[in-house]
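Given the coordinates of chain A, work out where chains B and C should sit on it, guided by the hints.
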Amino acid sequence: MSLWQYANPVKFLHLSGKIVPTLAVLSALSLVISLYWGFFLTPDDYKQGATVKIIYIHVPSALVAINAWFMMLVTSLIWLVRRHHVSVLASKAASYVGVVMTLVALITGAFWGQPMWGTWWAWDPRLTSFLILFLFYLGYIALWAGIDDPDTAADLTSVLCIVGSVFAILSRYAVNFWNQGLHQGASLSLDKEEHVSDVFYFPLLLAIAGFVLLFIMLTLVGTRTEIRQRRARALLARSKG
Amino acid sequence: MIALLIRDLRLAMRAGGGFGLSLAFFLIVVVLVPFGVGPEMSLLSRIAPGILWVGALLACLLSLDRIFALDYEDGSLDLLATSPLPAEGIVTVKAIAHWLTTGLPLVVIAPVLGILLGLPEQGYFWIVLSLLLGTPALSVIGTFGAALTVGIKRGGLLLSLLVLPLYVPTLIYGAELARRGTQGLETGTPLLMLAGITCAVTALLPFASAAVLRINLR
Amino acid sequence: MPDLGKYAFAVLSSYGYSLALIIGLVVFVVLRNIKARKALEAIEAEVNHGKD
Numbered sequence: 001m002s003l004w005q006y007a008n009p010v011k012f013l014h015l016s017g018k019i020v021p022t023l024a025v026l027s028a029l030s031l032v033i034s035l036y037w038g039f040f041l042t043p044d045d046y047k048q049g050a051t052v053k054i055i056y057i058h059v060p061s062a063l064v065a066i067n068a069w070f071m072m073l074v075t076s077l078i079w080l081v082r083r084h085h086v087s088v089l090a091s092k093a094a095s096y097v098g099v100v101m102t103l104v105a106l107i108t109g110a111f112w113g114q115p116m117w118g119t120w121w122a123w124d125p126r127l128t129s130f131l132i133l134f135l136f137y138l139g140y141i142a143l144w145a146g147i148d149d150p151d152t153a154a155d156l157t158s159v160l161c162i163v164g165s166v167f168a169i170l171s172r173y174a175v176n177f178w179n180q181g182l183h184q185g186a187s188l189s190l191d192k193e194e195h196v197s198d199v200f201y202f203p204l205l206l207a208i209a210g211f212v213l214l215f216i217m218l219t220l221v222g223t224r225t226e227i228r229q230r231r232a233r234a235l236l237a238r239s240k241g
Numbered sequence: 001m002i003a004l005l006i007r008d009l010r011l012a013m014r015a016g017g018g019f020g021l022s023l024a025f026f027l028i029v030v031v032l033v034p035f036g037v038g039p040e041m042s043l044l045s046r047i048a049p050g051i052l053w054v055g056a057l058l059a060c061l062l063s064l065d066r067i068f069a070l071d072y073e074d075g076s077l078d079l080l081a082t083s084p085l086p087a088e089g090i091v092t093v094k095a096i097a098h099w100l101t102t103g104l105p106l107v108v109i110a111p112v113l114g115i116l117l118g119l120p121e122q123g124y125f126w127i128v129l130s131l132l133l134g135t136p137a138l139s140v141i142g143t144f145g146a147a148l149t150v151g152i153k154r155g156g157l158l159l160s161l162l163v164l165p166l167y168v169p170t171l172i173y174g175a176e177l178a179r180r181g182t183q184g185l186e187t188g189t190p191l192l193m194l195a196g197i198t199c200a201v202t203a204l205l206p207f208a209s210a211a212v213l214r215i216n217l218r
Numbered sequence: 001m002p003d004l005g006k007y008a009f010a011v012l013s014s015y016g017y018s019l020a021l022i023i024g025l026v027v028f029v030v031l032r033n034i035k036a037r038k039a040l041e042a043i044e045a046e047v048n049h050g051k052d
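Line order of the protein sequences matches chains A, B and C. Under our numbering, residues 1 to 241 are what the first sequence spells out, in order. Under our numbering, residues 1 to 218 are what the second sequence spells out, in order. Under our numbering, residues 1 to 52 are what the third sequence spells out, in order.
It should be emphasised that the hints constitute simulated quantities derived from the structure, not laboratory data. Incorrect hints may appear among the rest.
Said to hold, decoys possible - A short list of chain B residues far from chain A (calculated; beta carbon distances all over 12 Å):
#1 Gly-20
#2 Gln-122
#3 Leu-132
Said to hold, decoys possible - Computed from the model, here is a short list of chain A residues facing chain B with C-beta under 10 Å:
#4 Asp-148
#5 Val-166
#6 Tyr-173
What the hints assert, rightly or not - In the DSBU-like style, the derived pairs of lysine-lysine whose C-alpha atoms are separated by at most 30 Å in a straight line are:
#7 A:Lys-18 to C:Lys-35
#8 B:Lys-153 to A:Lys-240
#9 C:Lys-35 to A:Lys-240
#10 C:Lys-35 to A:Lys-11
#11 C:Lys-38 to A:Lys-11
Nothing here was measured: the structure is a model prediction, and the numbers come from that model. Heads up, the beta-carbon is just placed ideally off N, CA and C, and yes, glycines get one too.
Isolated chain A (complex conformation):
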């Protein structure tokens, strides 16, 4: 039996129901431990002072924000090719987590940048790309909300996700080109672990793990919601007919 058996909504509900509680506990533990560790037990960075503590939220949220979209791309493709509803509903569920994570990454990035660059916002390539990603998320969610027929919405949002992904990559290059001349040297790669020493690295890894587990758990729960809503709609339609 392969992974595809979980395209069956009943099997999916069954399995996800069993693992969600475990995931919830694991992610809560990882998050609490890593954030406590990072906030209270790590030293300040000699260059960035206490603001380095923001890394434990900024980096993991940014990672999830990007990977959530990538997961949406894959599940959208699976829907278009194999017509498994669970797949596209998972994509929809992931988008809610992704958009919040993008917002968290943007906000923490701004708060980190303010003392570092002296300005609340800077059109740094990374921050700008995240702003564009945020817009893509908003568009995807808005399109789902704007279309009545669920299957049409599933198809259209999936195509949007794919086309959007191409343009998102294109935008990344364009934004890098657009800003290269301005912040030479000052473009702090806030989320590159270039010389992150061990003392920061381990709580960071744990925080990343916590955020990823949180993403998986929330997406599974969201997918269960969507599956149930779909089933409810089907029952309603059948009883009326």
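Frame of chain A; chains B and C shown alone:
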């Protein structure tokens, strides 16, 4: 396909066809900017290429829902879909019609509006070139967005939300090309990228637009 | 509380807003799930009841 193109062009030219509206909108945006940022010519001439690009982009955006909406409402879109014409052909023709009736006129009028913004002399060539290369991309990408939202009532705002992020690369390279050319800097990269984007989207995006149109007409 | 020095505002605000957003997200997802589950159970009960 030519017949479809001619029909769309004629429809756009008619009164109420929206032909002059995008031009008027472009003018209004360009007029509004000095009211927003102050009348100092030195500032305006520095940002002129960017304002012209944003204005042209917004004027394009506003005319997008006309691409399919009218045909959808009176049922001619369904007729077109069942005709032997492939959906990819339909969306391409629609995009060309949009460009001829909206994009191209914007390119023609941009230099005139450049005067209002104190566009430097060298800038005229570059703004026309960059818009000429970039507006086809805006039409093709816009057609994709219009196809996505064709069934949605009052989907204009949603259409804007979907299309504007897709416009970003074109805007970046187009405005950079205009700006750098105006300042006498090297223009190779943005020129190639802009031309590349227009060619690539024209060649590839119609397949996505056609798929979306088919989905919406099911 | 560690000495955050002049960065206290930046760090505390980051953590504050982020935690608020994340908790808000969790609440949103969980509440929606509960609502959907209850709605489905209600409809299933009605359908089964109608079968009797």
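Hints, one by one, checked against the model:
With a least CB separation of 30 Å from chain A, B:Gly-20 remains clear of the 12 Å interface cut-off, as annotated. B:Gln-122, annotated as away from the interface, keeps every beta carbon of chain A farther than 12 Å; the closest lies near 19 Å. The Cβ of B:Leu-132 lies farther than 12 Å from every Cβ of chain A, with a closest approach of about 19 Å, so its non-interface assignment holds. Residue-level restraint check for A:Asp-148 holds (minimum Cβ-Cβ distance to chain B is 9 Å; threshold 10 Å).
Below 10 Å, beta-carbon pairs count as interface contacts, and A:Val-166 has one with chain B at about 9 Å; its hint therefore holds. Nearest Cβ of chain B to the Cβ of A:Tyr-173: about 8 Å, under the 10 Å cut. The hint holds. A distance of roughly 19 Å separates the Cα atoms of A:Lys-18 and C:Lys-35; the hinted pair therefore holds under the 30 Å criterion. A threshold of 30 Å between alpha carbons decides the hint, and for B:Lys-153 with A:Lys-240 the separation of about 26 Å falls inside it, so the pair holds.
Restraint check for C:Lys-35 and A:Lys-240: the C-alpha separation of about 22 Å stays at or below 30 Å, so the hint holds. Annotation: proposed proximity of C:Lys-35 to A:Lys-11 holds, straight-line Cα distance about 21 Å (limit 30 Å). For the given pair, C:Lys-38 sits about 20 Å from A:Lys-11 by alpha-carbon distance, which is consistent with the 30 Å threshold.
Of the numbered hints stated above, none is contradicted by the structure.
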